[in-house]
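Chains as they are written, first to last, in the working numbering: chain P, 1 to 321; chain V, 322 to 616.
By construction, these hints were calculated from the structure, which means they are not laboratory data.
Among the hints, erroneous ones may be present.
Taking lysine to aspartate or glutamate pairs in the DMTMM-like style, the calculated list, with each CA pair at most 25 angstroms apart, reads [to be verified]:
| id | chain 1 | residue 1 | chain 2 | residue 2 |
| --- | --- | --- | --- | --- |
| 1 | V | 615 | P | 127 |
| 2 | V | 329 | P | 215 |
| 3 | P | 266 | V | 579 |
| 4 | P | 182 | P | 167 |
| 5 | P | 166 | V | 470 |
| 6 | V | 326 | P | 127 |
| 7 | P | 126 | V | 612 |
| 8 | V | 555 | P | 143 |
| 9 | V | 615 | P | 215 |
| 10 | V | 615 | P | 218 |
| 11 | V | 604 | P | 127 |
| 12 | P | 66 | V | 470 |
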Amino acid sequence: MTTVAPGFTAKTSSGGAGLGGLMRRIWQSRMAYLFIAPFILHWLIFGAYPYVRGILIAFQDYQRFKPETWGLDSFNGLNNLIEFFKDPIFWPGLKAAFYLYIAVAPFTFILALFSAVLLNRVKNPKEAAIYRVIITLAWVIPEVAAMQVWRQIYEPNFGYLTHLVKDVLKLSSDPPTWTADKFWYWPCFAVASIWKGYGYNMLLFLLALYNIPTDLYDAAKIDGANGWQILRHVELPGIRNLMVLYLVTNVGWVGGGVTNVMLFGKGPNSVGETWNLYAFEAAFSQGSGRMGYSAAINFFSGVCNLIIAATVFKLLPSQKA
Amino acid sequence: MTSGKQAKALAWLGIRIVMVFLSIIGLFPFIWTVSLSFTSLQEAYTSGLGLVPRVPTLDNYRNIFTAIAGGQQSGIKYFYTLYRNSFILSVSSVLLTVIMSSLTAYAFARLDFPGRKAIFAFFIGLMFLPGGGTMVATYILMRALHLLDSIFGLILLHISAGGTALFLMRQIFLNIPQELEDAARVDGASDWRIAFQIMFPLATSGMTLIAVLTFMSVWGSYLVPSVMLRSVEKFTLPIGVYVVVNYASSAAVTRSIEFPGIRAAVMMLFVIPVLVVFVVLQKWFIRGAVEGLKL
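For reference, chain V alone in the conformation it holds in the complex (with noise of 0.2 angstroms):
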């Protein structure tokens, strides 16, 4: 018995073995940024540089607005300018992606209607498909709608509601009991109440778990609004953090942040929400994910 528990132990230790470094890894990339936030001018051009800043400096906080474009007032301006789009363009998307996802995740979850089936087979058969070019005739037809410099119709193209959004949805619903149902229906519900007042309410974790994943997907989302957005009054936060840190010349930011120390605490001001969020939401976020992958 004594090896037994022997090897218990064993087993134990090694699966905390594991998990530390794979942490240790998986943090170490934070680890470096958040140093690097802290470290001085000087500093950070010496070769052997290492993980403790020897100095900490609160300097590339302070110089984050002076460090772009004309100076303190419109390095503010820029960044205000920047969250302002981010919040209006991932807020909007999560709560549109949300309240239609679990609309139609319902009525194909929950009520019955002809077609039902074979729209909702469609729907799942087209995750699977390839597409051409989405993205060129995408900006065709945002061109054509007036669309393409604008953050309604940046709204209009991160609404996710098909695919994962639907499908996870939909087993939510479908995992409700049907007693529930029933019981409300005997006492003399409406449909609409059932709907609302019941059902609804008990798919909060699916919605939890919907909402942290569109929020992450559209504060930190790239490509699209990199082929849509041009004037600097648009710019969400990706766009205007990648602008400012690559050297890219562009009519708002004529200086380029080259100094890693400043990078670094822009990382950090562009990377602290989505986190939050995540880590914050986390527990639901599990609930509803493994309630929506029972199958």
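Extracted from the complex, chain P is given alone in its bound form (with noise of 0.2 angstroms):
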């Protein structure tokens, strides 16, 4: 017992019972709390902190240019949900979110799981990492230079999807102005979006793929499974709870983009403007300073995300034995 090594005497000793032994073990395991303490230091500081001040400022009506609105005085209840509500962004914001939503994530998903396991069946290590590179690229890409790229390419004059439309395929004399067009703009966003995003979920997909144990295959092949159903027995249940993983994650729509519709550009009479866009620019943008009101937008999007992700993942089948 006098030679064991602090940080690893929880398995081995007995400790000892009560609140001294408790105190010796939390001694002994000092090296532990070393290693996690800036961690937990810096997530109490720039993590819990903002988190729980975002909330209760959701209750307030703080203004970033009134001082006198700082204090605890200011706050006002369920004041700023009840203005949301009545806000005329309520219900455009709401259907611009949806749109978004419908126009990228199904398709996100469906390209990736796709991809993901077609390139799985390329066995030479050096093809399959060209492919797996090219793919994940878009991701790679910052969104700055990512959304001003579609940007240029939408352009409706001398952008590439112009061109393309009237004299490579001759489809159409005269193109619409896509981004700036009204219905255009969401297939066009989704465009982007879909480019940009794929790459990193058929990346999550295959590396799945890529931790199926290879004797499942074998066997799969020594019964004389062919593709479709190694795909449909094999790799789809050994994918399945990072399938689930995904869903719950990105099924919360409600709040929609802020940095991609802003980079991307609201479309014309901001029809992309989402809620969470909308709150960014009322604390944020030049001149409003409304924290108050648009940490409570935040906060009424992110509790519909919640109930939405609850749900789903409620009513998704429970896994098979």
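Two chains, two frames, a set of hints: combine them into the complex.
So this is what it looks like as structure tokens:
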């Protein structure tokens, strides 16, 4: 007992009972506490505090440029939320987020899964690496650059899309104005977003496929399974947990995007303006500083998303043995 | 048997066709941007611009610096500042994230201490909690700390040692065989030696993964710096590039770049470092990711 190394004693030593025993175990584990201390400290200041403060401020009329509203006496209960329910952005913002979600998420998921399954069947490691790198490249590009590039492609007069439709495919001599068009804004946004996002999701699915034990494949092959049966009975069950995780973490669509819409452009008459973007502008755009109102919108959309995610999780069939 | 072979050959061909098609779609915006960056002013404004410039030119790269603000000198200074700030921010955040997440994950994976399970479960649970006005509150916090317009403040905000990084690193440490540790202990190695001379070197693939992931997200980070930064001397690349190409008036940038060719050249300068990091490290990256996701 006397030479047990600190930090490892809990498994071996009986430790002694009661508070004294616990104190001794804590002292013996000091290396572990030292290791996690920087992380915990950083989290307390830059994670926990803004989190709690951000929820509190949703019930406060906090205005950035009015120091007299920074104190505790500016708490106004549910006023921010009530104002938001009557805000003209309420329904259009919800609609924008819904369109964004429907236009992007299902296609990203299907395309990612499809390409991961196919790529997993490219057995030559060098060849697979080339496809993998190219497909994930879009994810590596910073959003500022990616969205700028797509805006250039969609530029109605000198962009490539107009050229493609007009001169190469000869579909139309007078193509629409793309992102300045009320209808075409959504498909244009969707293509850029799917292009940007599906590589990362493909990578996740691919890594999960790589982790399926090879003996499962071998067993299936001995049983004479064809490619389709291997997909159905080996691969899909093997990545089921990841798909559930993906679904639950991505289904919260209510607030909608902030950075992507901001960088791509809100479209004609700001059709792409979502709640969260509106909230961001309320707090941070020039001259505006309604931080309490902004936080209330974020808080409300966050709660909606949590409810949606929890419902989806409940509705998913439980895992078979 | 021949039909089986034929089906196999057909599947092989089908997979290649789809993969090549996806690769072309994936690369297209890059090709377009590269091509645009070599396209002359006159040609870029003719309709019917194809994928290969008729008369390739280096003018856009030559003119980047004169295109903004008051001329060559101030243009070079502007971009130098952007690069320097982005570099300091990215490297510091990456180092701190890797160190902090490794230490924490090691403690959770291989050390036993009172509260271990509860604390870890707490932090994983946090990943699923929705925030309210976290950004607003972060702004208020940084204002109170006098770190609003500061690279140091941004570094603190870009350390992401929890969540994914913690989860992946813990998994990597869990996958190191216990026998290695036991053997070292029999040889009389101390806990500190076991941690720093045996375990941490074995987790380098995971550290590479965390480093690349963090670098990618910090190099392109736009939203947080756009809220925190005010003065041009503190601008990072995403902010500076956005300001330059989006007509946003700012004290330093009197003239925004409107010409698509120069915009494309600016994008290339912005994107190339992160692309190089990813392509060079992608092998280690995948290795780390495969191990980190092994449950």
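Verification of the hints:
Distance check on the hinted pair: residue 615 of chain V and residue 127 of chain P sit about 24 angstroms apart at the alpha-carbon level, within 25 angstroms; holds. Simply put, residue 329 of chain V and residue 215 of chain P have alpha-carbon atoms about 21 angstroms apart, close enough for the 25 angstroms limit, and the pair holds. Taken as a hint, the residue 266 of chain P and residue 579 of chain V pair is honoured in the structure, with Cα atoms around 20 angstroms apart against an allowance of 25 angstroms. This hinted pair checks out: residue 182 of chain P and residue 167 of chain P have alpha carbons roughly 24 angstroms apart, not beyond 25 angstroms.
Of the pairs offered as hints, the one joining residue 166 of chain P and residue 470 of chain V is violated, with about 48 angstroms between alpha carbons and a cut-off of 25 angstroms exceeded. Our distance criterion of 25 angstroms between C-alpha atoms is met by residue 326 of chain V and residue 127 of chain P, whose separation comes to about 22 angstroms. This hinted pair checks out: residue 126 of chain P and residue 612 of chain V have alpha carbons roughly 20 angstroms apart, not beyond 25 angstroms. About 20 angstroms separates the Cα atoms of residue 555 of chain V and residue 143 of chain P, which keeps this hinted pair within 25 angstroms; it holds.
About 16 angstroms separates the Cα atoms of residue 615 of chain V and residue 215 of chain P, which keeps this hinted pair within 25 angstroms; it holds. Of the pairs offered as hints, the one joining residue 615 of chain V and residue 218 of chain P holds, with about 20 angstroms between alpha carbons and a cut-off of 25 angstroms not exceeded. Restraint check for residue 604 of chain V and residue 127 of chain P: the C-alpha separation of about 13 angstroms stays at or below 25 angstroms, so the hint holds. Taking the CA atoms of residue 66 of chain P and residue 470 of chain V, the gap is about 20 angstroms. The hint holds against a cut of 25 angstroms.
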